[in-house]
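Novice: Same order as they appear, the protein sequences are chains B and A.
All residue numbers for the first sequence refer to the numbering used here, where the first residue is 1 and numbers rise by one.
All residue numbers for the second sequence refer to the numbering used here, where the first residue is 383 and numbers rise by one.
I should point out that these hints are in silico values taken from the structure, not numbers from a laboratory.
There could be a bad hint or two in this list.
Calculated lysine-lysine pairs in the DSS-like style (CA-CA distance at most 30 Å, straight line) [to be verified]:
#, chain 1, residue 1, chain 2, residue 2
1, A, K390, A, K408
2, B, K30, A, K487
3, A, K515, B, K217
4, A, K529, A, K387
5, B, K217, A, K487
Short derived list, chain A residues pointing at chain B, Cβ under 8 Å [said to hold, decoys possible]:
#, residue
6, T431
7, I458
8, A466
9, Y484
10, G485
11, D570
Just so you know, even glycine gets a beta-carbon here, dropped at the ideal spot from N, CA and C.
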Amino acid sequence: MKAPIKISPRRQSLRTSLFTVWAFARINTKRFFRDRTALFFTIIFPLIFLFVFGSLNSGGGDVSFNVAVISHSDSQFASDFVKQSSQSEVLKVDGDITSLDEAKEKMTRSELDATIILPESFGLTQPGESYPSGEAEIVYTQNSQASAVALTAILDAQFKAINSSIVTTVTPFTVKGTQLNENSLSAFDYTFAGLLGFALIGVGIFGPLNVFPELKKMGILRRLSTTPIRVWQYFLSTMIGQVAIGMLSFAALFIVAILVFNLEIVGNWFELIAFLLLGMVTILGIGLALGGWAKNERQAAPLSNIIIFPMMFLSGTFFPRFLMPEWLQAVSALLPLTPIIDGIRLIATEGKHLIEILPQIGLTGAWLVVIYIIAFRVFRWE
Amino acid sequence: MVEVKDLKKRYGDKQAVNGVSFSVKKGEIFGILGPNGAGKTTTLEMMETLRPIDSGSVVIDGINVKDDPQAIKYLIGVQPQSPAFQDKTRLVEVVEMFAAAYGEKVDALSFLRDVDLEEKAKSYVEDLSGGQKQRLSITTALVHGPKVFFLDEPTTGLDPQARRNLWELIGKVRDRGISVIMTTHYMDEAEILCDRIAVMDNGKIIALDTPKNLVKQLLARGFKKEQEVEQANLEDVFIDLTGKALRNEQ
Numbered sequence: 001m002k003a004p005i006k007i008s009p010r011r012q013s014l015r016t017s018l019f020t021v022w023a024f025a026r027i028n029t030k031r032f033f034r035d036r037t038a039l040f041f042t043i044i045f046p047l048i049f050l051f052v053f054g055s056l057n058s059g060g061g062d063v064s065f066n067v068a069v070i071s072h073s074d075s076q077f078a079s080d081f082v083k084q085s086s087q088s089e090v091l092k093v094d095g096d097i098t099s100l101d102e103a104k105e106k107m108t109r110s111e112l113d114a115t116i117i118l119p120e121s122f123g124l125t126q127p128g129e130s131y132p133s134g135e136a137e138i139v140y141t142q143n144s145q146a147s148a149v150a151l152t153a154i155l156d157a158q159f160k161a162i163n164s165s166i167v168t169t170v171t172p173f174t175v176k177g178t179q180l181n182e183n184s185l186s187a188f189d190y191t192f193a194g195l196l197g198f199a200l201i202g203v204g205i206f207g208p209l210n211v212f213p214e215l216k217k218m219g220i221l222r223r224l225s226t227t228p229i230r231v232w233q234y235f236l237s238t239m240i241g242q243v244a245i246g247m248l249s250f251a252a253l254f255i256v257a258i259l260v261f262n263l264e265i266v267g268n269w270f271e272l273i274a275f276l277l278l279g280m281v282t283i284l285g286i287g288l289a290l291g292g293w294a295k296n297e298r299q300a301a302p303l304s305n306i307i308i309f310p311m312m313f314l315s316g317t318f319f320p321r322f323l324m325p326e327w328l329q330a331v332s333a334l335l336p337l338t339p340i341i342d343g344i345r346l347i348a349t350e351g352k353h354l355i356e357i358l359p360q361i362g363l364t365g366a367w368l369v370v371i372y373i374i375a376f377r378v379f380r381w382e
Numbered sequence: 383m384v385e386v387k388d389l390k391k392r393y394g395d396k397q398a399v400n401g402v403s404f405s406v407k408k409g410e411i412f413g414i415l416g417p418n419g420a421g422k423t424t425t426l427e428m429m430e431t432l433r434p435i436d437s438g439s440v441v442i443d444g445i446n447v448k449d450d451p452q453a454i455k456y457l458i459g460v461q462p463q464s465p466a467f468q469d470k471t472r473l474v475e476v477v478e479m480f481a482a483a484y485g486e487k488v489d490a491l492s493f494l495r496d497v498d499l500e501e502k503a504k505s506y507v508e509d510l511s512g513g514q515k516q517r518l519s520i521t522t523a524l525v526h527g528p529k530v531f532f533l534d535e536p537t538t539g540l541d542p543q544a545r546r547n548l549w550e551l552i553g554k555v556r557d558r559g560i561s562v563i564m565t566t567h568y569m570d571e572a573e574i575l576c577d578r579i580a581v582m583d584n585g586k587i588i589a590l591d592t593p594k595n596l597v598k599q600l601l602a603r604g605f606k607k608e609q610e611v612e613q614a615n616l617e618d619v620f621i622d623l624t625g626k627a628l629r630n631e632q
């Protein structure tokens, strides 16, 4: 045993204090990347959500129905109709089906939404008439009523168009839809900002919440409390690590959203990153407060559920807040995650500048102060 | 080096520590013995700044724990009862982190060498055996060159080889001039290792002397063991059969 006894300085300079912070941040971040489970939940998990929600939303108006067309008619009109249907974008015709029994079987398994049946007389010119006529039948199961109603409406519209070309009548009143402002927000813009909020909860809250109580249970934080390290140093080192990890997770989300789902960032990237940092530090404070307070996992779970779930569902993480009743919008507007998600959306997809989203910055900043005061008050080493 | 005067601590209606006084010299191994609940750990924790002191004082190297706990932290090294480290961390990193907690940058390898863990430097802590964890814990408690070293039941749960190895290590720490204060439930350990012993019960010290003197005093009171003392005991047999070489469980 060597290592001579030296007199340690009683009070540390700021530089020494920050050296401590940096060493803890460096080693703990390395440690995070060795933990596959943590990696999965913070980086891969939000990406999976992005793919799921992204594919749900990015379709835009492309609704399609899986149908079978069974024609009992030999008329020219019927065969034209079958041919047209198979080329339609709205109808995905299953060409293998020739009988109603086959169709029924597939419908009960929800592989088909409905079956279109053309009766024998379909498209024939009835005696005494000068034009062909007929009635198509749409067969569907209880499970696919909504699809069938939509399908009926679509076919009805198609037939109306055909009717008017055959029988010319005057239609004095019509409706025409005109698309306005092609830069309007798509559902995906809302989804994406919400997903960033979701990732933020993962890194900022679940990060410390999964680590701190476990370290306390093992007595590691208690052991650390016999060294001169201060709570702010420990918090700051955690913050540096989590922010680095969070930025990585965000980068992955942005890259996928831009490349795969054609997300268009119209705002300023620097302003966006600055605001993301503010949001991340704020939400991380919630994790530090919860994890710092809880003595063990059992204490951490119920409180964190009370705080995280309302935020997850009310702040616009999974569905936009404008769908909520007004009173709920008013309440949820005050939650810490709400101004962050709104702010991200305003900058990223609406091209707003920081100066224009001062209400969001102000509310986030206020939460930041409140959250960190609580976090420092309730922290315990064991 | 260490002066404890009339130390008291109360939990609810239980007086856990009830007026404990003792002093420890530089380079001395001081043992605190006593049954569970006697107040040993509470006494240590108050000295280690982990628990607020109700009354009385602890002065280490001229600094009162109550007045300046932050300064005390630079003077003491603490070995907890069951050392644990966060997983997925390499041994070198553990040493670096503890040194960093004191604001110091050290040669982590040399500290691992001190406790024969150099070849494990790149391993993760979860791959260590119980004895190796104890040794790692000792070296992390010494990274900042403390003057007083606290150990709480350091050899509980270790095999005889690992215990002997740890005794040797604690002896070496003492030889560096560090005062060692430890608790233990093993009388052989106290007898071999400790220069002086305090026996605690119900929050009070009921005897304080060198192990030899304590035995002498008992004999002087006319105590006789019923059995003849044998020249060897079962532990001697065990060590004779399995050797003194330290085992690494994996």
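Novice: Would the hint on G485 (chain A) stand, with a C-beta cut-off of 8 Å toward chain B?
Specialist: holds, 4 Å
Novice: Please verify that hint: T431 (chain A), Cβ, nearest Cβ of chain B, below 8 Å or not.
Specialist: holds, 7 Å
Novice: Does K487 (chain A) lie within 30 Å of K217 (chain B) when you go C-alpha to C-alpha?
Specialist: holds, 28 Å
Novice: Under the criterion of a CB-CB separation shorter than 8 Å, is Y484 (chain A) in contact with chain B as hinted?
Specialist: Cβ of Y484 (chain A) sits 6 Å from chain B, so the hint holds.
Novice: Would you mind confirming whether the straight-line C-alpha gap from K529 (chain A) to K387 (chain A) stays at or under 30 Å?
Specialist: holds, 19 Å
Novice: Report holds or violated for the interface hint on I458 (chain A), using the least CB-CB distance to chain B and a cut-off of 8 Å.
Specialist: Since the shortest Cβ distance to chain B is 7 Å, the answer is holds.
Novice: Check the hint pairing K515 (chain A) with K217 (chain B) against an upper bound of 30 Å on the C-alpha distance.
Specialist: Given that 30 Å is the threshold and the Cα spacing comes to 17 Å, the pair holds.
Novice: Classify the hint on D570 (chain A) as holds or violated, based on whether any CB of chain B lies nearer than 8 Å to its CB.
Specialist: violated, 24 Å
Novice: Compare the distance between the alpha carbons of K30 (chain B) and K487 (chain A) with 30 Å, and conclude whether the hinted pair is satisfied.
Specialist: holds, 18 Å
Novice: Would the pair K390 (chain A) and K408 (chain A) pass a check requiring their Cα atoms to be no farther apart than 30 Å?
Specialist: holds, 24 Å
Novice: Using the nearest Cβ pair, does A466 (chain A) come within less than 8 Å of chain B?
Specialist: Nearest chain B Cβ about 4 Å off; hint holds.
Consistency note: the structure conflicts with earlier hint 11 alone.
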